[in-house]
Every structure is written in C-alpha cells, then in structure tokens.
Amino acid sequence: MRVLAVADSDSYLKWAACLLQDLPEGCDTELVVVRTPIAPSAEQIAAAVSGRAAPPVVTARALRRLAERSRPDVILAACTGPVVDVLVSGVLDGLRPRPVFATGLPGISVPATEKAWLYRSGCDLFVVHSEREVAEFGAIAARLGGGGAVGLARLPFLRPRQERLGGDRVVFATQAKVPKAREERERILLALAELAARRPGLDVVVKLRALEGERQTHRERHHYQRLWRELGEPGRLRFAAGSMQDQLSRAAGFVTVSSTAALEAIAMGVPSLVLSDFGVNAEMINLVFEDSGLLGTLDDLAAGDFRQAEPRWCAANYFHPDERGDWTGLLTGLVVSRPRVPARSLLDGPEHAAARRRARLRVEVPPNMLRAGYRAKRRVRRYLKVLI
Numbered sequence: 003m004r005v006l007a008v009a010d011s012d013s014y015l016k017w018a019a020c021l022l023q024d025l026p027e028g029c030d031t032e033l034v035v036v037r038t039p040i041a042p043s044a045e046q047i048a049a050a051v052s053g054r055a056a057p058p059v060v061t062a063r064a065l066r067r068l069a070e071r072s073r074p075d076v077i078l079a080a081c082t083g084p085v086v087d088v089l090v091s092g093v094l095d096g097l098r099p100r101p102v103f104a105t106g107l108p109g110i111s112v113p114a115t116e117k118a119w120l121y122r123s124g125c126d127l128f129v130v131h132s133e134r135e136v137a138e139f140g141a142i143a144a145r146l147g148g149g150g151a152v153g154l155a156r157l158p159f160l161r162p163r164q165e166r167l168g169g170d171r172v173v174f175a176t177q178a179k180v181p182k183a184r185e186e187r188e189r190i191l192l193a194l195a196e197l198a199a200r201r202p203g204l205d206v207v208v209k210l211r212a213l214e215g216e217r218q219t220h221r222e223r224h225h226y227q228r229l230w231r232e233l234g235e236p237g238r239l240r241f242a243a244g245s246m247q248d249q250l251s252r253a254a255g256f257v258t259v260s261s262t263a264a265l266e267a268i269a270m271g272v273p274s275l276v277l278s279d280f281g282v283n284a285e286m287i288n289l290v291f292e293d294s295g296l297l298g299t300l301d302d303l304a305a306g307d308f309r310q311a312e313p314r315w316c317a318a319n320y321f322h323p324d325e326r327g328d329w330t331g332l333l334t335g336l337v338v339s340r341p342r343v344p345a346r347s348l349l350d351g352p353e354h355a356a357a358r359r360r361a362r363l364r365v366e367v368p369p370n371m372l373r374a375g376y377r378a379k380r381r382v383r384r385y386l387k388v389l390i
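Numbering of the sequence shown is given in my numbering, commencing with residue 3 and proceeding in unit increments.
Just so you know, these hints were derived from the structure itself, not from any lab.
Built from N, CA and C at the ideal position, the CB exists for glycine as well.
A portion of the hints provided could be inaccurate.
As the list claims (entries may be wrong) - Derived DEER-like restraints, expressed as beta-carbon distance ranges: (1) R63 - D293: 40 to 50 Å; (2) T115 - R221: 13 to 23 Å; (3) D307 - D350: 28 to 38 Å; (4) D293 - P344: 55 to 65 Å; (5) P352 - L233: 49 to 59 Å; (6) L233 - D301: 14 to 24 Å; (7) R346 - L233: 30 to 40 Å; (8) E32 - A356: 54 to 64 Å; (9) G203 - L97: 42 to 52 Å; (10) D248 - A44: 33 to 43 Å; (11) E45 - D24: 17 to 27 Å.
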C-alpha cells in the first residue's frame, strides 16, 4: 500500500509522522509539507519528525505532480480544515486511479464540531483518538451526511519512546488559542515565577509550540516570550521549543490550560495540573478534562500541587486498549474494495464557492504574492490558471 501524507503546519506534521508509523508493515510511505503561510520552519520540521529525514516543503503544483507520478493508494491530508477541503476538491481532484483520502485531527477533539466534519467531509476516512470522539463525530455524520467512515486510532505520541528519568523540572505547555487575554497569560507566568521562587532548585520551563516569530498552526496574539520580556522578567523561568518528550522525561510536574501534551504527561506518569481559572468549557478547549482529577487553580500551581489522572477517565479518553483501534483496518478495506463510491463533500455547491476560493489562495499562491503589492485580482487569477 502506497501512502502519501501531506501536512501544512507543525502540529499536523507531528501527527502525520507518528501516524505513518502505525501503518501495517510493508507500506510504502512518503511525507511532504505543502507550502502555506503557516508552514513550519526548518527547526519545527526537525522537532516534529524526531530525528528522521526532514520532509520537503512543496508547492501545490509540485504536490499534484508528485501524486500523479507516484500514484498513491492513500493520500493522508494531515492539514487544517480549509486546506484539507482545497486539496481534496481542487489540487488533488481527478487523480486516476482515485486514491483513498484519509484525514483527521491531531489532538483533543472534544466536543466534536460540525465545522471540523464539514471541511473534511470529502474524505473517505476520518481518524480520531478516543471512543468518545468516535461517538460524537459519528452522531454528527449521521445528522449531516457526507464524508466516510470514522476510525479510531491511539494518539501515537502517547506511547513513550523513552523512559521518564525523573528530575526537578516543571513544564508548562502553552496553547496558542487559549487563554486569549493578555492579563490571563501574565497571571500564568507570574504563578510559574512564584513556584520557581518558592522552590529555588526547580527548573521551571515554558514549553513553546514555536519560538517568538515562528509560524504555527494557530496565530498567537500574545506570545509568552514577549509577555515575559515586557513584564520585566520578574523571576526565573526558562523558555524552550523542540521535543515535548525530552522535556517530560525529566519532569517532576506538568501544567497546561489546554494541550494534548497533558496526555503525553499522563502516559509518562508525570503528575499534572490543568488550570481551571479561566473556565472549563468548549471555548477553552479543556472540557474533556472534566472528571479527570487534574483540574486545579493558579494557586495550586504556585504551591506545586500536581495530581494523577483518574483511571476511569483515562479509559474513556485516549487511553483505550490498542486492540480497539480500527483505523488501519478500515483504511486497508477502503484500498482493496475497488470500485468504491467516493465520499461526498458537504461543501460542494455555489454557497461555499467564495470561501473555497479564499482558502485556495492560501495553498496555491506563494506567500509573497499575498503581501502588499500583489493583491490585484487579475494577477492572482493569472497565477492560478497556470498552476494545474
């Protein structure tokens, strides 16, 4: 089985690289990054693939040529929703023979949203990572139609690739989207600084998805490095990017507002804390941690009060037995069951045409052409005409 995986950002690249390792033995895999305004830097790519050969960054036109040349059985669209839709409905449409299109979400997806399903409804397989997510997205699929099968995987990075060595490190995993307010982010930094002051021997690390100035999946308005500098650095904190596994291997405690890194910490047995000061709801992307036993406050953080997750919560959320996972079996079945009826995208139709055109520009027009001086519609249209 030949599998071509396409990622568009750092978090999706990490997910795709891990997911490919779970494919049946003997699969021929290839991984590329499609060039968009949120494409990861060289440093982010190296961290995402964990020592393996760095995948190339390609244009939409080069991606199309690669797919025509390699004729993959499967294309894994490991991308943000609008980019998945553009790839399946535009850039990679009309390939013969038609590959199976698979997609998914790289982390916590509770609660399931209609928007996530709509953008990916042109794909034959939608991969999620807990029994709860399968049930919620299955209900959305039954209500809206479109799309294909919903498959269950184990989040690949939950399988520790190294032993936890233990140590005197507390790791705060940032989240680009939440909390949004500057003042709330400053409160987190100050609580971390208080923890460091109370325990002088503690190494308190702010683990970043991207260093200040680097691109990432979601735009971060108030970057923690910049906030710390503007606060006058009132304490002893260390900022780091790179591998979360490396940080957790020496961690005595872990804290986040909402991050899939919490699941990595649980898997490695690191006592953890999920901050509830700013709300526990869908907007804060932390609703899934209700009843986990990990919710706590900034005061708990400053006191170093970390906890272990409840076993019952773990079983329902991301820590199901490996044998429950069915995504590779579903994928193999889709490949061998030709002819097949392709998935039907719910975004086909004139009411979505304008949104698709805007999303297409992000994939098919070089970033420099989207800057000031290159926004004339006629120049963009001429460029698009010669792409494919």
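Evaluated hints:
no., hint, verdict
1, R63 - D293: 40 to 50 Å, "49 Å, holds"
2, T115 - R221: 13 to 23 Å, "19 Å, holds"
3, D307 - D350: 28 to 38 Å, "52 Å, violated"
4, D293 - P344: 55 to 65 Å, "40 Å, violated"
5, P352 - L233: 49 to 59 Å, "50 Å, holds"
6, L233 - D301: 14 to 24 Å, "19 Å, holds"
7, R346 - L233: 30 to 40 Å, "51 Å, violated"
8, E32 - A356: 54 to 64 Å, "33 Å, violated"
9, G203 - L97: 42 to 52 Å, "58 Å, violated"
10, D248 - A44: 33 to 43 Å, "18 Å, violated"
11, E45 - D24: 17 to 27 Å, "26 Å, holds"
The structure does not agree with the numbered hints 3, 4, 7, 8, 9, 10 stated previously, though it agrees with the rest.
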